[in-house]
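Novice: Those protein sequences? They're chains A and B, same order as listed.
Each residue of the first sequence is one higher than the last, beginning at 1 in our numbering.
Each residue of the second sequence is one higher than the last, beginning at 477 in our numbering.
Zero decoy hints are in this set.
Among the chain B residues that face chain A by a calculated CB cut under 10 Å, a handful are:
hint	residue
1	672
2	914
3	915
4	920
5	954
6	1090
7	1092
8	1098
9	1110
10	1182
11	1188
12	1191
In short, the hints are calculated from the structure, not lab data.
For glycine and all other residues, C-beta sits at the position ideal for the given N, C-alpha and C.
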Amino acid sequence: MRNDLNRRDFLKKTSAAAIASMASGAPFAGLMSSCNSKISIPATADTVILLFMAGGMAHTETFDPKKYTPFRKGMQSSEVLSTFPSVPTVLDGIHFSEGLESIGKIMDKGTLIRSYVAADLGHILHTRHQYHWHTCYEPPQSVVVPHLGSWIAKELGPLNPVIPPFINIGQRFTVGEGEELKAFHSAGFLGSEFGPFLIPDPTSGLESVRPPVGMSTKRFESRNQLYENLIKESAMGEFGSDYQKESLKRSMEQAYMLLNSPEAKAFDLTQEPKESYDRYNTGKFGLGCLLAKRLVDQGARFISVTTEYEPFFGWDTHDNGHTRLKDMKKMIDAPIAQLIKDLDESGRLERTMVIVASEFSRDMLTEGRPDLKVLDQVEVPEIIDDMKNYGMHRHFTDGCSVLMFGGGIKKGHVFGKTADERPCKTIENPIKINDLHQTVYHALGIAPDTNYIIEQRPFYTTPDGHGKAEMQLLKG
Amino acid sequence: MISEGFWLWQFLGRLHPMVVHFPIALLLFGAFLELFTIGKFQSKLRPGINLMVLAGAVSVLIAAVFGLLLATNEAVEGELLDLHRWLGIGSAIFSIGVLYLLNQVGKKKQTEKITAYRAVLFIAAFGVGLSGHFGASLTHGEDFLTETFPWNNSNSYVSGSFDLAAYESGASGLSPEKEMQLIGEVRTVLAHNCYKCHSGAKTEGELRLDEREFVFQGGESGIVISPGNPDESELFRRINLPKNHKDVMPSKGKHLSKEEIDLIGFWIEKGAPWPDGAEQKSVYRVAELAPRKPALPRLSTGLENPIDLWVNAYFEENELKWQAAVDDRTYLRRIYLDVVGLVPSPEELELFTADSNPDKRAVWLRKLFDRNDDYATHWLTFWNDALRNDYTGTGYITNGRYNITDWLYKSLQSNKSYDIFVKELLNPTDASKGFIEGIRWRGTVNASQRTEMQAAQNVGQVILGLNLKCASCHDSFISDWKLEEAYAFANIFADSTLEVSRCEKPIGKLASTRILWEELGEMDSSATRSEKLRQLSEYLVQPANGRMYRTIVNRIWKQMMGRGMVEPVDEMDNEPWSQDLLDWLASDFVENNYDLKELIFLIGTSKIYQSQSSGVKSADLLVAADYTFNGMVRRRMTAEQFSDAVSQVFSPVFEEKDLKYNPSQLLTEQSSNIHFTRASLVANNSFLTALGRPNREIVSTNRDSQASLLQALELTNGERLNTVLQKGAAQWKEKYKDGPIIVEEVYNKALLRKPSKKESEIALAALGNSPDVGQIQDFFWAVILLPEFQLIY
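For reference, chain A alone in the conformation it holds in the complex (with noise of 0.2 Å):
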């Protein structure tokens, strides 16, 4: 990591590793048998990043853009493929829509997928589709189902000890569908431990890991100290060690460890030169990408960064769709770009996987999948005479885009096709979501089989262990 370590951040990083490696070896996990899975994979991959378009990002609009219609009075809703121009990249012969041009320029450095299908879960609901995406499991669920990133924090444990392996950036909870998406931001059954550490703030990252505010370092030092020589005193002593007692201490000794660890300052976003951060600044995506990468200097192992859901919000457009999305690539297109070319020069690359995933995709016309009738659709007229129903505002599910790179993901490859036609589903290539884990799982080396046994039942990282992973995708 850094080769200036001086003796005192030495101690504090050796003894953390001997802290986590006993919390690794928490009782917890004890209470499941594991699958020792004989299938061993060599890893290509240490860390993922995941940049989550929430709410419903059309590929027509965005990574797979069909033919072109300027908006104008009195058009037929029929004619509408994409509502922008499409743009050069730099794959010879493939284009982006307008907006997208930064990330069309480093398209040299990962995978274009076109044919993501997702699930059909009949009457949209956003956090349903969210919930399949990172868990690979239909709600509801009998048990509580493990995130993406809890499994991959449970298979392989945080990679630099003091940086919780699992870091949620950007989604708050106390927006609509609020509970729903809580009941997928959890380990479910692989224990709390395993859970998301939440930053909904970027800016705000290091109020999650210093001490309370208004309280010094010197301060906050004492405070564990006195609880420490109190603990020593304390009448509990006399009953020996239990679990509780000792899994009290540790987790209070893990949480100061990192409270006061100089990887702390990764979270705080001041730090960052000024050109840097400005370049990165396109709000708190923006800002949530830059801490992601600051992040993954310091030994992150999995951090999901969303442009939030909210309802009707971001990505979800149900009117005003290209206006909207006018504004939605302007907050992605800097950077995701800066992001990849960042990790690029500092080398982080090659062991780190991005990926940039959205729940299903929108269209002007099709809700669902193309042969099905799903209710509640947006009202689209049949002639449009006002620029707010000019825009894709129903969901798609039946063909989307998902790009990816570094961690042994192929460079300049693309994968998968839609129709040029309506409806712009898959014809080429079809990739669901439990191929889409289980390759990020191979490029991990967290065998397919991997499952832990819940009330007497086999539960493996995606449902019965399906899916495969997709090594078209992965370097060979």
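Chain A is fixed; fit chain B onto it per the hints.
Specialist: The following block gives chain B in isolation, referenced to the frame of chain A:
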């Protein structure tokens, strides 16, 4: 990897396990004797040692070569093998060194050479020993040694020992009864080790081992059992392979024990008999449905409470001793936390201690029962978890979910008898319908998660201690419950007849309507839903349904004693540590009008409840099948108890505006005297979540007692707790001012005792004589994070 090598190499490879014993014995013993020659190289032992070392070193080389052949030919891989391989090769290299140095020493006896020779010899001997250990781990399994340790037995299914000799009676073959008994044992082994992947539910490699027809039909690689010939049976070969072999079965979970392998071998040798009707016999432990009231054991001096008579009998049988009784302070704290979820005040403790009535513990416990609102508020937490009530997530958007808090609170407050309580849940009014209505998700859901099936699963789990989740998708591989039985039960909750689906695919059959046990009564399948629910509620609450009452007494026992008589508490088919106590307590509960408070009173006044608690080293020991009961198990306060205790002692954690349900709006004759907002009445929030309150999307009957980093972070720098402590500190500074007084008062209120001299010194060193708000706040913080504050002990 070569799959079929030249036969000679394969043969020599297989000699490896035999050959390895020479170097281990020779080198280790040689090295051992070498120790005696230190100081006198040319001892009488010298020629013998030299010979031994020579033979040992040569045999290491041979063993290493054979080992490499074996690994190449037998397709074994894994980390353990790598370790074994490199240690083996390393030992071989050191052995060459030994030979060379021994030769050198023979020529010129230089001291350095002797030292070098000895060092290399010891290393080689150690390496061979260690490599041998890992080699043995490869063939016998890594836990071969450790699994014999008494504390290493956490599997709820204990692999049995089988008396094979008992079968060897008749001259020609087995009698029909013996055959039946044998196949029963064989199927038990198959069920617990193989069904997860090889049964109707899940069929890997096209092989099913759950029915005779399929077992003998074999799988994708052909026949697996050759009756009479274990050695030609693929199944027998696979279970005999070493643990890391790629073909070994079971490929997931535990390797079969030697007894189990012998049993299967014996069965195949006897012609693999599988008589008709073998499938009808259960291979799972099934608890009795009917109630049973065993006669109490003879009276014993000093024991009046029937619970204690049973515990005493158990202690005698297991040669255990009673722990000492707890003092008044510990007892009072226990009953307060268990009955009303609060810690007693120092004034209450003082009154209690001063009370000279010999029956004061029973009297005070009764007195607590009168605090109906505080009791209801505390037990609301437990029931909200179990009935997944007070949940704010999905379903509410589309009116697919109903809150029952008002009904629940009033039921607890009036101590509704448990049979009526269950009846009202199963055959509900609008106020109590939330439990069986379940969560209606938007969009299409799995057939096994339709609301009727949710009702079946949840009634099974919560009310009957039965896991139907598996059987609601396919025939269960963890019990005898069949898909159609689960559907028949779910059909009771349906408006129109359900269509049976197996793993999401309709099987073209309509569900019948049946209660899980015919003994409880026959359902009228043509009746309306409300009539079916009425029948169900009547049938289930009958005293004849001993299972339901065992389930509830076991749950209450766990709440008070830290561990159920049966664990997990939702799997009532598991064996209790005392069947007699469980049966007796359930029957007594029925005889005492299903009165939950009386049950709590009976447990709370027992000697065992008043005895010292104990801790366990890890959470899995708590649910181990061979758990030995020796009294109350210490546990962590719930999120609600902890935050109420902080509210009580320092400053309220929640305000009235946080209330989600406000019982003070109810007209009650005697409402609570508590003047802060209780945590069980507020909506879930990040503070309570971090401390373990579930979001109640699914039934939850067990709170995680283990602390985690995310929890510790919330307690260390979370805004809510620090703000609360700061507020409290400001008030205390105003009120008490002086450091020494604050120290006394904090210990008094939070821990109900005086600080020791040492504790006073430490605290005063931090606070000084006139501490500021920050110092007081930090002292509060340090005290509430003590296990003594957070545990129920």
